[in-house]
Amino acid sequence: MSDNYEPNIVAFLCNWCSYAGADLAGTSRVQYPANIQVIRVMCSGRVNPLYVMNALQQGADGVLVSGCHPGDCHYMEGNFYARRRLGMLKDLMEFVGVDPKRFHMSWVSASEGHKWKEVVEKTVEDAREAGPFEGFRRRQIDW
Amino acid sequence: MTEKPKIGVYVCHCGINISATVDVETVADYALKLPNVEVARTYSYMCSDPGQSLIKNDIREHGLNRVIVASCSPRMHEPTFRKAIKEAGINPYYLEMANIREQCSWVHHDIDEGTAKSKKLVAASVAKVRLLEALESKEVDAEPSALVIGAGIAGIQAALDIADAGFKVYLVEKTPSVGGRMAQLDKTFPTLDCSACILTPKMVDCASHPNIELLSYSEVEEIGGYIGNFDIKVRKKARYVDFDKCTGCGDCAAECRVKDRFPSEFDMGMGKRSAVYLPFPQAVPAKYTIDPESCLYLTKGKCGKGPKCAEVCQAGAINFDQVDETVEFRVGAVIVATGFDPFDASRKPEYGYSDYPNVITGMEMERLVSASGPTGGKIKIFNGKEEIEPKEVAFIKCVGSRDESVGNEYCSRVCCMYVAKQAHLLRDKLPDANIRVYYMDVRAFGKGFEEFYDRVRRENVRYIRGNPSEIFKRGDKLVVKVEDTLTATPLEDEVDLVVLGVGLEPRADMRQTMELLRLSQSPDRFFLEAHPKLRPVDTATDGVFLAGCCQGPKDIPDTVAQAKGAASSAMIPLARGKVVISAQVATVDESTCRGCGFCVNICPYTAIELVTVNRFGHEVEVARVNEALCKGCGSCSPGCLSDSIQPKSFRDRQILPQIAALGVFK
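Listed in order, the protein sequences are those of chains A and B.
If you read the first sequence in the numbering used here, its first letter stands for residue 634, the second for the next number, and so on.
If you read the second sequence in the numbering used here, its first letter stands for residue 73, the second for the next number, and so on.
By construction, these hints were calculated from the structure, which means they are not laboratory data.
Yeah, the Cβ is synthetic: ideal placement off N, Cα and C, and Gly gets one too.
A hint or two may mislead.
As the list claims (entries may be wrong) - Subject to a maximum C-alpha distance of 25 angstroms in a straight line, what follows is the list of computed SDA-like cross-link-like pairs (lysine to any residue):
no., chain 1, residue 1, chain 2, residue 2
1, A, LYS748, B, LYS650
2, A, LYS755, B, ASN673
3, B, LYS650, B, GLY479
4, A, LYS748, B, LYS605
5, A, LYS748, B, ASN673
6, A, LYS723, B, ASN673
7, A, LYS748, B, GLU185
8, A, LYS748, B, ASP182
9, A, LYS750, A, GLY704
10, A, LYS750, B, GLU185
11, A, LYS748, B, LYS519
12, B, LYS519, B, PRO604
Unchecked claim - A few chain A residues facing chain B, derived, Cβ under 10 angstroms:
no., residue
13, VAL643
14, ASN648
15, GLY678
16, TYR714
17, VAL731
18, ALA743
19, HIS747
20, LYS750
Chain A with its partners taken away, still in its complex shape:
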């Protein structure tokens, strides 16, 4: 079972740096694991820490949040908020018994297509190590 296990990763990317960086990875035809699905937000500061927990609850095995490099935020300081909030979340995750390997934060700029590949690979690898996430009871999607 664990040999065939492919982790399911949900990623939140800011529109200006990381999403553009992921687009650049595509334009440059960089290859990386298909386990990652991206949700675009305007700024990493928009990512409510609860989204991360929600994603795990809904069936993700790992979550990635990526924004502009600190100091380069398109909205001046949004990524600082993200760093604070999600840093606290990481501590909380450990506290509630979720392997912190399931959650990654990174800074990928619009020109870092190759870094994006590395970030994805690391996130997927860590989630694979952590194994399928069964920690929370899953809810069905409410159409």
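Chain A is already provided as a structure; the job is to place chain B on it using the hints.
Just chain B, lined up with the frame of chain A:
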């Protein structure tokens, strides 16, 4: 809100860009089974006219009210499809794009994986699009003026074009004179126009133009606001010379106690200047400046019995009490034309630039051959005993370009031709000298370039293919160690003068400009344009445009062309007098807002304020968003204790179903 969502899903083949790694038909079939999806189709190029018509017809025929396009990145074609669905009569914000090209088909090889992932992305889009809301874009007035940062040829040209069109331009230049790098050049390739002769009229024009306010020796300190309404703060540095009184006579510099003691920046350190100086004779404005770092009076507080410059100035222009001044104004658009730095040749220690005075850079050669340069255009070198005319000259190309060891993988685009030009100029001045050019490749790609390169070779300039490994000294000669890779011959050529064809680098101070304007860098560290092909002068920040070498190395014609492009783009909001501001701003549910003000503190744009409203007969405070100031980042929302403040199109209730959809399809 009550109307039932009727969704159309359009999966694009993008030729084979998508369909090679994603089974688009399967994705469409799958989409059709998703809730509320009425129509699902594939088409070879969704963005083409027939592709767009397909969507529009379906909207009319099937009464669709939501559209999903699964194709390229929304950063690419979201505006295209918004416009299309608007034309068919539905709100442009009822669109969601699934990025199955840049973030799927192009990055995964396996068609099963690509198809499975595309399905998930489409499902997530369906989950979100059902809950999107109709938004109306708003227009605000745009200030009919522009700011141009940097007054080299790019900035000058952009400023002149905008000013000629009748708009006010603030042209800010850091150094005491406009002109930039082009002013330092002797001749321009391949036509051999005298650089100063073609530039100085433009310099004078931009200083005397009624629509241009030239702020020389000034730096932009702060930029706030948004397209149409940028609030600018500029610091005019103290010149210690009264701008209005100075006549530019030069008596002060002639009498300065530290006359001709400091390396002249304009002459690349090869000439000397006084503490009070005019950077070069044709400088505009022709006003002297006292360098606070070299002036005796300003550094030591004492200059003999009193500063001589003040003594001799008949206009009484010297004023040591002058302080920096701040000016503030508002503009509708900003053009960044901050230029480049030449590569620092000391970072290639094997070429001995720091050790041997007769190893010079291309920029230094420009000053050396210039008739207005430190030697009056004479090519003289000092060989340790006497001044001689060099008999053997070597040019080395690609110094600091196409070189991963210094972190510059890019081609600097101008070195091949400026080396050819300098070889030609040297041939004129030194008819009997042996001139060699060591090269990796010759890239003579522009108009008239190849012809010029041929001409230079016919003038007995030897081109040797090889990248020198080392330069060292033997007696009073310099030895260039190199392998001629066409004949596989190792050479040790003894020469008198080595000219390093240094490349172009991003400016050392570009970080400041980046932070002022929230600009990004491309991998080569120059400023990143909004799209490499279709938006080459735009940036990710609306209303901010790029011109010249700050965006990447380019020659003068390309710089001028880009400056004109940036000027015409910048004039669009100025000419319209109005700009559309994003409708995707934050909004507050006043019925649940508890008025704590957390969001007020979070907002980087001070777009949120607390207002008093009447709720059931009680005066309570609630947050309210100023839509003109809000940029829709959404940082406020996670800080809200009651989830009352939400960015439109990125609300919790729009994102959470996306998350759920991605999780379920494990």
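Structure versus earlier hints, numbers of those that do not hold, lowest first: Those not satisfied are hints 1, 2, 3, 5, 11, 17.
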